[in-house]
Amino acid sequence: MNDSLNIAIAQIAPVWLNKLATIQKIETAIEEAATQGADLVCFGETLLPGYPFWLESTGGARFNDPEQKQIFAHYLREAVSVQSGDLESICQLAREHQIAVYLGCAERAGDRGGHTIYCSLLYIDKDGVVQSVHRKLMPTYEERLVWGTGDGHGLQVHSLNNFVVGGLNCWENWMPLARSALYAQGENLHVAVWPGNTNNTIDLTRHIALENRMYVLSVSGLMRKEDIAIDVPQHAMITQNADELLGDGGSCIAAPDGSWIVEPIVGREAVVTATIGLDKVRQERQNFDPSGHYSRPDVFELTVNRQRQSVVKLKD
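So in this note's numbering, the last spot in the sequence shown is 328, and the numbers never skip.
Please keep in mind that the hints were generated in silico from the structure rather than gathered at the bench. Accuracy of the hints is not assured; some may be wrong.
[Said to hold, decoys possible] So the derived label-pair ranges between C-beta atoms look like this:
(1) 93 with 211: 28 to 38 Å
(2) 71 with 271: 35 to 45 Å
(3) 280 with 316: 31 to 41 Å
[Unchecked claim] Below, in silico cross-link-like pairs of lysine-lysine (BS3-like), each with a Cα-Cα straight-line distance of 27 Å or less:
(4) 31 with 81
(5) 81 with 327
(6) 237 with 138
(7) 237 with 81
(8) 237 with 31
(9) 37 with 237
(10) 325 with 237
As the structure is a prediction and not an experimental result, all values here were calculated from the model. C-beta: ideal position from N, C-alpha, C; glycine also.
Hey, can you work out the whole structure from these sequences and the hints?
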């Protein structure tokens, strides 16, 4: 029985709002993780093609503003369409190297008309097949200006060797019921993806690890002012008030007892691997298992709607 798994953090900066160039960086990171023997490699929230960092520095809430419309149109054009095959080269690479991938994408959803963007977390298995697309349940604060509200369809876990892996986007990881939905499906390796700030990962990563007595991999992007390319629409307006470091990373891995396996990585790009063992989960579940012997289904019951939201049902 192979109870070990080699997992990789890929903390990289996007070629911001450039889908094809960012895919190339992602492919390079996958190759590096595969060289290090990783079974799974993970990337940050909407790394492809980038998190909407412009909103905070440009007055993104100005209604019907032509400059905001121009930036959004560019973001929409560069967003990922799974149905159109935008991820084909990444899937092929996963298949060639027999490595699974968790990837944060700004998804242009064809099943919702094709002009709304969702913050989505995709799981690609070792055979290069997209097994789940989880659309963020509730965008946070200004994110609601550019992302639609997701659904429960992607609240799924996946078998990976002898592990059961699941994942959530950013502040979804603060949602107790979203976490519980994954715990109850047997999750023992949790992937939390973030746009890139240590203050998000340093406490919650260890909390989730202790709450479900499992491994937690938090992976963040990195974003520097210099990563805002000159050809991005409204470049001058975006950079005028932008901080030099918009996202400092903070990717890390915690063990089921809450100890650090990889402490937060700050301010640099890196592909870092670690080997984890399932027996540590078994040991820590001895005294606490929130979906098992420490649950009370006669008192508490959680219902999860995993239907994909749709605005039309077409009948022949």
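Problem set entry | Distance restraint between residue 325 and residue 237, which requires alpha-carbon spacing of 27 Å or less | violated, 45 Å
task = With 31 to 41 Å as the target window, see if residue 280 and residue 316 comply at their CB atoms.
result = holds, 38 Å
- prompt: Would the pair residue 81 and residue 327 pass a check requiring their Cα atoms to be no farther apart than 27 Å?
  reply: Between residue 81 and residue 327 the Cα gap is close to 35 Å, so the pair fails against 27 Å, i.e. violated.
Check: So the hint says 28 to 38 Å: do the beta-carbon atoms of residue 93 and residue 211 match that?
Finding: This hint holds: roughly 33 Å between Cβ atoms.
Given hint residue 237 paired with residue 37 - CA-CA distance at most 27 Å
holds, 18 Å
**Prompt:** Is residue 237 close enough to residue 138, meaning Cα to Cα at most 27 Å?
**Reply:** violated, 35 Å
Handout entry: Pairwise hint evaluation, residue 81 against residue 31, where the allowed Cα distance is 27 Å at most
Key = Holds, at about 19 Å.
Next item on the list: For the pair supplied as a hint, residue 237 and residue 81, confirm whether the alpha-carbon distance does not exceed 27 Å.
Entry: Judged against 27 Å, a Cα distance of about 22 Å means the pair holds.
Q. Do the Cβ positions of residue 71 and residue 271 conform to the proposed distance bound of 35 to 45 Å?
A. holds, 43 Å
*asked:* Tell me if the straight-line CA distance from residue 237 to residue 31 falls inside 27 Å.
replied: holds, 18 Å
Against the hints set out earlier in the document, violations occur for numbers 5, 6 and 10.
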